[in-house]
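The primary structure of each chain is shown beneath.
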Amino acid sequence: MALLNFITHRNKYSNSEMMTHYPNTTDHYRALQAKSLLYRKTLLKLIYSAKAGHTGGSLSCVDLLNVLYNHVMDITPQNFTQMNRDHYIHSKGHAVEALYAVLADKGFFPWEALETVGKYGSNFVGHPTRDIPGIEQNTGALGHGLAFAVGMALAAKKDGLTNRIFTIMGDGELVEGSIWEASASAAHYKLDNLVAIVDRNTLQISGQTEDVMAMEPLEDKFKAFGYAVCHVDGNDIAALVDLFDQLPFEKGKPNLVLAHTTKGKGISFIEDKAPWHHKVPSETEFEIALRELGLAENDLEVVDGLE
Amino acid sequence: MALLNFITHRNKYSNSEMMTHYPNTTDHYRALQAKSLLYRKTLLKLIYSAKAGHTGGSLSCVDLLNVLYNHVMDITPQNFTQMNRDHYIHSKGHAVEALYAVLADKGFFPWEALETVGKYGSNFVGHPTRDIPGIEQNTGALGHGLAFAVGMALAAKKDGLTNRIFTIMGDGELVEGSIWEASASAAHYKLDNLVAIVDRNTLQISGQTEDVMAMEPLEDKFKAFGYAVCHVDGNDIAALVDLFDQLPFEKGKPNLVLAHTTKGKGISFIEDKAPWHHKVPSETEFEIALRELGLAENDLEVVDGLE
Amino acid sequence: MDSNETSMGVANLDAFADTLIELAANDHDILVTASDSRGSGRVTPFAEKYPDQFIEIGIAEQNLVGVSAGLASMGKKVFVVSPACFLTARALEQIKNDVAYSDHPVKVIGISAGVSYGVLGTTHHSLHDLAALQAINNIDIVVPADNFETGQAIRAAVVHPRPIYIRLGKKAMPILHDPTTHFEIGKAIQLTPVREEYDVALIATGETVAPAFFASQLLAEQGLASCVLSVHSLRPFDEQVVEQAATHSKSIVTVEEHSVNGGLGSRVASFLMQAGVFRPLRIVGIPDEHTVTGSQDEIFNHYGISAQGLAQTALQLLKKETV
Amino acid sequence: MDSNETSMGVANLDAFADTLIELAANDHDILVTASDSRGSGRVTPFAEKYPDQFIEIGIAEQNLVGVSAGLASMGKKVFVVSPACFLTARALEQIKNDVAYSDHPVKVIGISAGVSYGVLGTTHHSLHDLAALQAINNIDIVVPADNFETGQAIRAAVVHPRPIYIRLGKKAMPILHDPTTHFEIGKAIQLTPVREEYDVALIATGETVAPAFFASQLLAEQGLASCVLSVHSLRPFDEQVVEQAATHSKSIVTVEEHSVNGGLGSRVASFLMQAGVFRPLRIVGIPDEHTVTGSQDEIFNHYGISAQGLAQTALQLLKKETV
Ligand SMILES: Cc1ncc(C[n+]2csc(CCOP(=O)(O)OP(=O)(O)O)c2C)c(N)n1
Ligand SMILES: Cc1ncc(C[n+]2csc(CCOP(=O)(O)OP(=O)(O)O)c2C)c(N)n1
Ligand SMILES: [Mg+2]
Ligand SMILES: [Mg+2]
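Line order of the protein sequences matches chains P, V, Y and B.
Those letters in the first sequence? Residues 1 to 307, per this note's numbering, in order.
Those letters in the second sequence? Residues 1 to 307, per this note's numbering, in order.
Those letters in the third sequence? Residues 1 to 323, per this note's numbering, in order.
Those letters in the fourth sequence? Residues 1 to 323, per this note's numbering, in order.
Errors might be hidden in some of the hints.
What the hints assert, rightly or not - Cut-off 25 Å, straight-line C-alpha distance, at most; resulting in silico cross-link-like pairs (SDA-like, lysine to any residue): (1) K187/Y <-> E289/B; (2) K158/P <-> H231/P; (3) K319/Y <-> R195/Y; (4) K253/V <-> Q82/P; (5) K171/B <-> S282/V; (6) K158/V <-> P287/Y; (7) K319/Y <-> S295/Y; (8) K119/P <-> E289/Y; (9) K119/V <-> Q308/B; (10) K223/P <-> Q78/V; (11) K190/P <-> P51/B; (12) K158/V <-> R195/Y; (13) K279/V <-> E289/B; (14) K279/P <-> S295/Y; (15) K250/B <-> T291/B.
Stated by the list, open to error - Partial pick of chain B residues on the chain P-facing surface, computed with a CB cut under 7 Å: (16) P45; (17) K49; (18) A69; (19) P161.
What the hints assert, rightly or not - Just a sample of chain P residues kept apart from chain B, beta carbon distances all over 10 Å, derived: (20) A113; (21) A153; (22) E181.
For the record, the hints were derived by calculation from the structure and aren't laboratory data.
Ideal Cβ positions, reconstructed from N, Cα and C, are used throughout, including at glycine.
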């Protein structure tokens, strides 16, 4: 099948090996960058094949997921049933294609499984569900992930675990009041094992977040709600690695990362365009997108003289 | 009937005359102070008679309601059907006894109507409803009033009205995420005709608000959500009059008043005691409470040499 | 009309948006409120044409409903346009208290209802909304079957004196009624010719009326007469027409894009049982199980909400009765 | 047992809290979460005795349920204790998605349910919860009638593998069962002696089982035999026992502290109609109207949810059948 052919044709950095504790060398960054390109290709292919999906928001958060799963978090198919590993909740559940790509790469399920995404009778629906190995919570309605993550972090603290709970939220999602309820409780219970990440791509379905419902100054809001707040370029692998290596940012405070990203990151004509929230690429668009990613792969290997 | 006897035996400042635009003289303050005492007596009597009600939270916000209804807001039984008057939403709906006392005094319904509070078949249920003249919205589930007030303020702006929309919230209520959703939208739409007041009595049912779910620093939170924030002693008539005379605090921003109050204000043994949230006074307690209020009435008149 | 005559219309959501654009031209009190849902609700053209009559709330459905109630209390005719799943779950308390209990005539438009969102899964399905709202007093409930019913429902809603919930899908619908049909909130519409006796009453609502109607044609091919009802109003519920259809039918199949618990079928069964009209009955809807993944069509087919499936159910029911 | 034998117990809420205190002594994974509701939920003693097993969330019911789901996913046995009205309206989407759809065995304890809050009015009534939750897949629903059923339900809930909603009132309840009665989630309990034929089946749930039981005694005085069922589980629903009771009865009265739409009555009517068990039936509950103001007792009496009222309804139904 077309999809399978595609996804098995991976770049040389494809593997499901855990990259945590790798030294932060250029090689390490390059390996991660290559993974991001693989994930971008995969998620575009998924969306193109299913003729449905969330293109822009998947592309904007894929570098975050990459660094989390391949550098920061201790989550593998092998340790998944254990409690004292790290945990991840995909609060912006619509960007499920990015997560599916990463989980396949991590070996949670065979790549072929992705061929059923969105198909009749498949477990791979258009949002994360616990029917999929590697996924811990059904999300998709926005504003639910953080409260759930707070519950996990609270349980971990109660049990004296040393793990961390991560979640990525959309910036449009932040208007949901449940985010602020959860934030207050995260600070109240001093959950410095909680890492809340905002995919700050400045867009939501209807346009610019600040036009739709202004939430700036976000840093002030999050600080006032008790977080230790850090900014980062959410599409810069090296910056992400450096930042997450510093966790927890402040003892006794939940961590909040304002990850400044570009929605649709990586594909020139998709970047920063609101309609690409859930637009599906045409055949031509898909081909151009793949070509752009191919060039980036070449660049990566040429520039670094790896070929 | 006992209740009726009681409530018709009012102090000399009882009247339903509008006090707006009165010069802020000592006399004016004293008149308002006397009204607060009347309201306190009335609401205690209501709770004592119905053997149910919210004692602490009614006593803490009654000075606010008093100043709003008798000095600040343009709301009367006569103009109630008009749109371009001020509007009031009792978001902390459980403190309905305070509101009932004020509305009776304003002439929205005869004092006798209060005899049916909480009785079988009565319209006077234990929370505000639109079945009662003078009440604009059914409240009681916390966290609803502000969104509704935002809607009113938005409609007023759209129609070019010059009125203001007021609401009083509890401080425990602030944990509800809907408060923050409404706050973001109030700022987004620059609703400087909205006056959100927090009855900051530091208590909720289960104890100190900061122990139950910490929300401080409240000023930072509200500022970050786009309000012009002012602090005031919410049981000090003169301070309240002065503050509300300065509305709007800042053009283009919704107004937020952090009204520092004492829960159970005015009755020594009820003040600042969490269990009095919805405790009903015993006969002895009721009598002592009335005596304390009587002394305060005497004080008021003696000190000012009015008798 | 039969299936040869039925032509395809647009999605009921489009019919809704078109009607509203037309009505708002002469009525500046008509407002649309949305929660980053203008696109899904097909009201982007409305927002562009009448920017002063469009209010964006962002992704905050509770606030959306609360603010809309406040707007309505100030005399605005507010159409709240947001996915049915979020309105009737995330914002259910606001619908209950701010709208229904407080009696503001807000028009709550549940878009992409039922399983319209298909493969997006259960977070996006609204299969409990008719149950929840029927159990909450003072909000009328309308589920239009086609573009005609949708347009009529929206026109009626503008002047409707009570809170109202209108549930719309996003798939193009066949045109089931001719434009002279009488539409009234609270009155069911019969799609098939009136007879003295029917083999089966197919009592349906919303987007399942079309397959029910087409099922009646399959049944007619087998010589069986059906009474197809579009019960577009769950509240007020048209007891009279339902009782009449049931009384004159040998058996009853109810059909809905909703859980088999608490929706149209429950209502019909409860009513008929209490009215003493006893007939073999099947409630067809989404069963009480983890909903299968698929498009709306695939889900419908999976659960027998199709011309074939419904005809089959009717046949089984009749066989069972006569065996 | 007859009413002379029935003695008064405590409120089901107290029975719940006592049971939990007992169970938590040996099970440190049992957690109670609350939203400024420990007092109303009678779990203040629990919070004082096991401060490490009590989590306060403040007045934020959505977060309460979301956090509880997260706790449960980490292996905790979480009892969410908050008013039924807020849990199943404000936090309905969290129950739907975070608990039921995501399949975490959270124990959602809806306190002061139905019209327990009496004069506090509709904001505090939960008359839609059974309808909404029956239409949401994968959450079991238990409505205990007395202290015995409550204690048993809580014991069963601790090890229950699925999400579960337990609905409790705050009024002292008569003791209806002897402690050797078999209790199992999903199995209805018959309170009256088994006979070949009954004049009426009184099928009730929760705090209305007591008046149904006392009504049966009034009916017995008139020589009429009743089959009184406590259907403490709405999900799983005990089709077998309900069908058996109905089959052996001339008429059926269902009773619940819930809207007449979408609760026990709807479920019984839908089931019996589809099973082909046709009997005259009345659904007694809170009618679809603005609920009268009053205490729970006054509201019950107003709507005929009393021994007298239910006996009367049964008599009317039987008369109607025989006339
Ligand atoms: C509660 C809820 N409301 C609305 C939606 C519909 N929806 C899906 S994605 C989306 C926009 C999200 O924007 P943002 O959070 O900024 O995500 P991103 O830009 O990262 O894709 C909306 C409104 C939803 N899934 N859940
Ligand atoms: C949504 C909701 N949750 C819970 C309650 C129950 N309740 C009534 S009053 C109250 C405490 C309120 O505390 P606060 O807001 O501080 O009010 P105040 O101290 O002014 O009385 C609670 C939890 C409610 N009425 N609504
Ligand atoms: Mg975004
Ligand atoms: Mg307080």
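Taking the hints in turn, this is what the structure says about them:
The suggested pairing of K187/Y with E289/B holds, with an alpha-carbon distance near 20 Å, which does not exceed 25 Å. Taking the CA atoms of K158/P and H231/P, the gap is near 29 Å; set against the 25 Å cutoff, the hint is violated. The suggested pairing of K319/Y with R195/Y holds, with an alpha-carbon distance near 21 Å, which does not exceed 25 Å. The hinted pair formed by K253/V and Q82/P fails the criterion: a straight-line CA distance of about 50 Å is larger than 25 Å.
Restraint check for K171/B and S282/V: the C-alpha separation of about 22 Å stays at or below 25 Å, so the hint holds. Taken as a hint, the K158/V and P287/Y pair is broken in the structure, with Cα atoms around 46 Å apart against an allowance of 25 Å. Distance hint between K319/Y and S295/Y is unfulfilled; the C-alpha atoms sit about 32 Å from each other, more than 25 Å. The straight-line distance between the Cα atoms of K119/P and E289/Y is roughly 19 Å, inside the 25 Å bound, and the hint therefore holds.
Distance hint between K119/V and Q308/B is fulfilled; the C-alpha atoms sit about 22 Å from each other, no more than 25 Å. A hinted pair counts as satisfied when its Cα atoms are at most 25 Å apart, and K223/P with Q78/V does not qualify at roughly 47 Å. For the proposed pair K190/P and P51/B, the alpha carbon gap of about 17 Å is at most 25 Å, so the pair holds. Note on K158/V and R195/Y: the hinted pairing is violated, with a Cα-Cα distance of about 54 Å set against a maximum of 25 Å.
About 31 Å separates the Cα atoms of K279/V and E289/B, which puts this hinted pair outside 25 Å; it is violated. A threshold of 25 Å between alpha carbons decides the hint, and for K279/P with S295/Y the separation of about 17 Å falls inside it, so the pair holds. Restraint check: the Cα-Cα separation between K250/B and T291/B comes to about 31 Å, which exceeds 25 Å; the hinted pair is violated. The beta carbon of P45/B comes no nearer than 20 Å to any beta carbon in chain P, farther than 7 Å, and the hint placing it at the interface is violated.
With 7 Å as the threshold, the beta carbon of K49/B stays out of range of chain P, its nearest partner Cβ sitting at about 17 Å, so the hint is violated. The beta carbon of A69/B is positioned within 7 Å of a beta carbon in chain P (closest approach about 6 Å), and the interface hint is therefore held. The beta carbon of P161/B is not positioned within 7 Å of any beta carbon in chain P (closest approach about 14 Å), and the interface hint is therefore violated. Distance to chain B confirms A113/P as a non-interface residue, since its nearest Cβ pair spans about 20 Å, more than 10 Å.
Non-interface status of A153/P relative to chain B is broken: a Cβ of that chain comes within 10 Å, the nearest being about 8 Å off. Non-interface call for E181/P relative to chain B: violated, since the shortest CB-CB distance, roughly 4 Å, does not exceed 10 Å.
In terms of the numbered hints stated before, the structure departs from hints 2, 4, 6, 7, 10, 12, 13, 15, 16, 17, 19, 21 and 22, listed from lowest to highest.
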